[in-house]
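Model the placement of chain B on the given structure of chain A, informed by the hints.
Sequences listed follow chains A and B, in order. Take 27 as the starting number for the first sequence in the numbering used here and just add one per residue. Take 27 as the starting number for the second sequence in the numbering used here and just add one per residue.
Because the hints were derived from the structure by calculation, they are not lab data. Just so you know, nobody snuck in bad clues.
No copy labels: a pair is met if it fits in one copy or bridges any two.
Capping the alpha-carbon separation at 27 Å, the derived lysine-lysine pairs in DSSO-like fashion look like this: (1) K415 with K454; (2) K266 with K329; (3) K58 with K329.
2 protein chains.
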Amino acid sequence: MRAPDNTMLNAFVPGAVDLPAADQQLIDRRAKAMGPAYRLFYEKPLNLVRGEDVWLYGADGTKYLDVYNNVASVGHSHPHVVRAISNQAATLCTHTRYLTTEPVAFAERLLVSFPEEIGHVMFTNSGSEANDLALRLAFDVTGGSGVIITNNAYHGTTHLIAGLSPSLGPGVLPYQNTWLVAPPLDADGQAFAQRVSAALEDMRAKGIKPAALLIDSIFTSDGVAAGPKGFLAPAAALMKKEGALIIADEVQPGFGRTGDSMWCFTRHAIVPDMVTMGKPMGNGYPVAALALRPEVIADFGAKSRYFNTFGGNTIAMAAANAVLDVIENQDLIVNAKKVGDAMAQALRQTAGLGEVRAAGLMLAVDIIDANGSPDPIAASRLVNQLAQKGVLISTSRKDGSALKIRPPLTFSLKHLDFFMEKLLQAIKYK
Amino acid sequence: MRAPDNTMLNAFVPGAVDLPAADQQLIDRRAKAMGPAYRLFYEKPLNLVRGEDVWLYGADGTKYLDVYNNVASVGHSHPHVVRAISNQAATLCTHTRYLTTEPVAFAERLLVSFPEEIGHVMFTNSGSEANDLALRLAFDVTGGSGVIITNNAYHGTTHLIAGLSPSLGPGVLPYQNTWLVAPPLDADGQAFAQRVSAALEDMRAKGIKPAALLIDSIFTSDGVAAGPKGFLAPAAALMKKEGALIIADEVQPGFGRTGDSMWCFTRHAIVPDMVTMGKPMGNGYPVAALALRPEVIADFGAKSRYFNTFGGNTIAMAAANAVLDVIENQDLIVNAKKVGDAMAQALRQTAGLGEVRAAGLMLAVDIIDANGSPDPIAASRLVNQLAQKGVLISTSRKDGSALKIRPPLTFSLKHLDFFMEKLLQAIKYK
Numbered sequence: 027m028r029a030p031d032n033t034m035l036n037a038f039v040p041g042a043v044d045l046p047a048a049d050q051q052l053i054d055r056r057a058k059a060m061g062p063a064y065r066l067f068y069e070k071p072l073n074l075v076r077g078e079d080v081w082l083y084g085a086d087g088t089k090y091l092d093v094y095n096n097v098a099s100v101g102h103s104h105p106h107v108v109r110a111i112s113n114q115a116a117t118l119c120t121h122t123r124y125l126t127t128e129p130v131a132f133a134e135r136l137l138v139s140f141p142e143e144i145g146h147v148m149f150t151n152s153g154s155e156a157n158d159l160a161l162r163l164a165f166d167v168t169g170g171s172g173v174i175i176t177n178n179a180y181h182g183t184t185h186l187i188a189g190l191s192p193s194l195g196p197g198v199l200p201y202q203n204t205w206l207v208a209p210p211l212d213a214d215g216q217a218f219a220q221r222v223s224a225a226l227e228d229m230r231a232k233g234i235k236p237a238a239l240l241i242d243s244i245f246t247s248d249g250v251a252a253g254p255k256g257f258l259a260p261a262a263a264l265m266k267k268e269g270a271l272i273i274a275d276e277v278q279p280g281f282g283r284t285g286d287s288m289w290c291f292t293r294h295a296i297v298p299d300m301v302t303m304g305k306p307m308g309n310g311y312p313v314a315a316l317a318l319r320p321e322v323i324a325d326f327g328a329k330s331r332y333f334n335t336f337g338g339n340t341i342a343m344a345a346a347n348a349v350l351d352v353i354e355n356q357d358l359i360v361n362a363k364k365v366g367d368a369m370a371q372a373l374r375q376t377a378g379l380g381e382v383r384a385a386g387l388m389l390a391v392d393i394i395d396a397n398g399s400p401d402p403i404a405a406s407r408l409v410n411q412l413a414q415k416g417v418l419i420s421t422s423r424k425d426g427s428a429l430k431i432r433p434p435l436t437f438s439l440k441h442l443d444f445f446m447e448k449l450l451q452a453i454k455y456k
Numbered sequence: 027m028r029a030p031d032n033t034m035l036n037a038f039v040p041g042a043v044d045l046p047a048a049d050q051q052l053i054d055r056r057a058k059a060m061g062p063a064y065r066l067f068y069e070k071p072l073n074l075v076r077g078e079d080v081w082l083y084g085a086d087g088t089k090y091l092d093v094y095n096n097v098a099s100v101g102h103s104h105p106h107v108v109r110a111i112s113n114q115a116a117t118l119c120t121h122t123r124y125l126t127t128e129p130v131a132f133a134e135r136l137l138v139s140f141p142e143e144i145g146h147v148m149f150t151n152s153g154s155e156a157n158d159l160a161l162r163l164a165f166d167v168t169g170g171s172g173v174i175i176t177n178n179a180y181h182g183t184t185h186l187i188a189g190l191s192p193s194l195g196p197g198v199l200p201y202q203n204t205w206l207v208a209p210p211l212d213a214d215g216q217a218f219a220q221r222v223s224a225a226l227e228d229m230r231a232k233g234i235k236p237a238a239l240l241i242d243s244i245f246t247s248d249g250v251a252a253g254p255k256g257f258l259a260p261a262a263a264l265m266k267k268e269g270a271l272i273i274a275d276e277v278q279p280g281f282g283r284t285g286d287s288m289w290c291f292t293r294h295a296i297v298p299d300m301v302t303m304g305k306p307m308g309n310g311y312p313v314a315a316l317a318l319r320p321e322v323i324a325d326f327g328a329k330s331r332y333f334n335t336f337g338g339n340t341i342a343m344a345a346a347n348a349v350l351d352v353i354e355n356q357d358l359i360v361n362a363k364k365v366g367d368a369m370a371q372a373l374r375q376t377a378g379l380g381e382v383r384a385a386g387l388m389l390a391v392d393i394i395d396a397n398g399s400p401d402p403i404a405a406s407r408l409v410n411q412l413a414q415k416g417v418l419i420s421t422s423r424k425d426g427s428a429l430k431i432r433p434p435l436t437f438s439l440k441h442l443d444f445f446m447e448k449l450l451q452a453i454k455y456k
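Chain A on its own, in the form it takes in the complex (with noise of 0.2 Å):
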């Protein structure tokens, strides 16, 4: 299903089935009380009460095995993050402009998940926030403006960063500077760079300077390219040719999700200039962060500062401090490997499923019709239906022709059973 202005996959559509009448009032107390921008997911949206590891509960009683959300990554309400976040309100709660030891000692703890190059961690509450202020960034050290991004990119909510997500629709403005180039979903890197190589030209002949290929580092909105390694290598070579930078949104794909290492770039074998970062960071409580290498800041730190009022306050820090200690402790970067690629398998076994792409726990299957045709309406029943039988998940693509799915990495193999299982029955419907 689509929103009514054709922009949102999996949207509720108003009027289009009977609900219960309890959620039909609260989805009419919502309209009214948060207006109309505002969508939800599923033909029946979910009423939702508790969560707890990869299970969520709605408040009619159903139990839904969680294989979408990105956010609540170490699992929903973990009692080590809960306690951190917690114990830390009960204490302190305040910004970087005093000298507290804990975004310091966070900064420091993170920046060794990273090549040397990478040398700052900067602090926002969101992922959109960390690539507004890469952008800005961006612009500062290149003093170029023209912006690469995929053809359904999302990268955001800003002004700035949603006029550089083609994902949000035609109802959005796009920043003016922007050149969209198809995602490298083929695989095919040499290809993908001449894309990016004629974007540059084409941005040349009209004026502009290069700033920035602004990539989400597993291509999530665009239906997921994860392979093979090193393939973004030669883009990466042309814009560093042109004194522009490379941008990592690694917002979703990010600590830990695609198996590998806890960042995706890793896979590219390029170190990026800047990296973001947000969703699972604190397992939900807002924040996110920006890495980059020093010479990107030092001019802009010289004249200009940046203060974000909640950015690496201290409960933030406490709480992605402590989604660190679960990604460790728990093993959960192996687990997304071997869960990922054991899923990966099951996909690619079960007949009348199109081609899966899948880096860890960041899967996309392509929806294909009897003719091998793209089929957004065949997976859009499929998410419909799983919904149905209690499984969370939705799509990707421009067209909506993939199934996304991206459970909390603490998805077992016995989850991966259940997931399976109910995929099957739900096949039958597609």
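Same frame as chain A, but now just chain B:
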């Protein structure tokens, strides 16, 4: 003291004074890990480890009376808010694409505090994101791009909003269609309207259509312009006549601080088209919002969607809801008026201080020399003397020549006595 870039008031200047070895070491680690764009407060930065109500505690055991922080507005580590956050974190943290009750119920509760023309609430993570969204909508609904702000305004930190925050200094590129007007520190509403009128005329002459007047309802960074009531109405009427919007930035004055009602704009006998809020909304939990007239978003909502991953999540709503509980249960708006009025009176009776501009617990005091001229050096010395004596405030105005005073709303007459005692001691060193 100013930051080396001459932009931030009350900034720590590296190398200017000798510091304890442990602090110097932490400052060095911080600069290395977090980069050169972060600034610290005070000649001698404060290493804080605990907060309780209006008190903050340093790592060395020093106790500070907080007469400055407007985020922990119902008091540091307020147990009711801490409990609400902890309980919700242990239950469910999820987003607005599921049909949870929490954002709906909170939006409804918040709307009760607004005039009936304000019909919707949308959620973000920061005041910056709220102002950014307000401008996006203003551009969309007016088709204009011209924005009027005050000379030393601060509205936030995204690319767009930093460009509309001249208090960030000359290192930040202004948004291109910005018109600056002097703030109405003289409380002359007609003269302010004339400046707005001249800006509109100039805008029209340059072929730019007006989009919005964006103002902090109490002009916090401009030096606090507190009255008389109704003095913004003439400027607002002018904007309306041009088909442009009024955005009341209540990120600093909102939630009862100014002592008359929840929202400072009610002092101005206007109903803004949009109202942004943030800092104190979750007492430190990153939550912010935009309240607006439905006609502003009707068209945008029909063609586009708005989603903010953390914005309006169930924990943010629990925190914000608990803050409203405390404001009501502890009668904090009445307290802000009572203690704020007493503070203004005490300051006006203190020899050697300049003009006091105040509304509730948002106060500015001009610091002047023997000839009555603005004396930013004396203001800086006072702020640092007070910190040494265990009292935290900061400065305001473009030149830093005013004291900025805005304690948590639980500030009592007893705390006021303590503050005045220390202030009188510090004034000797002015």
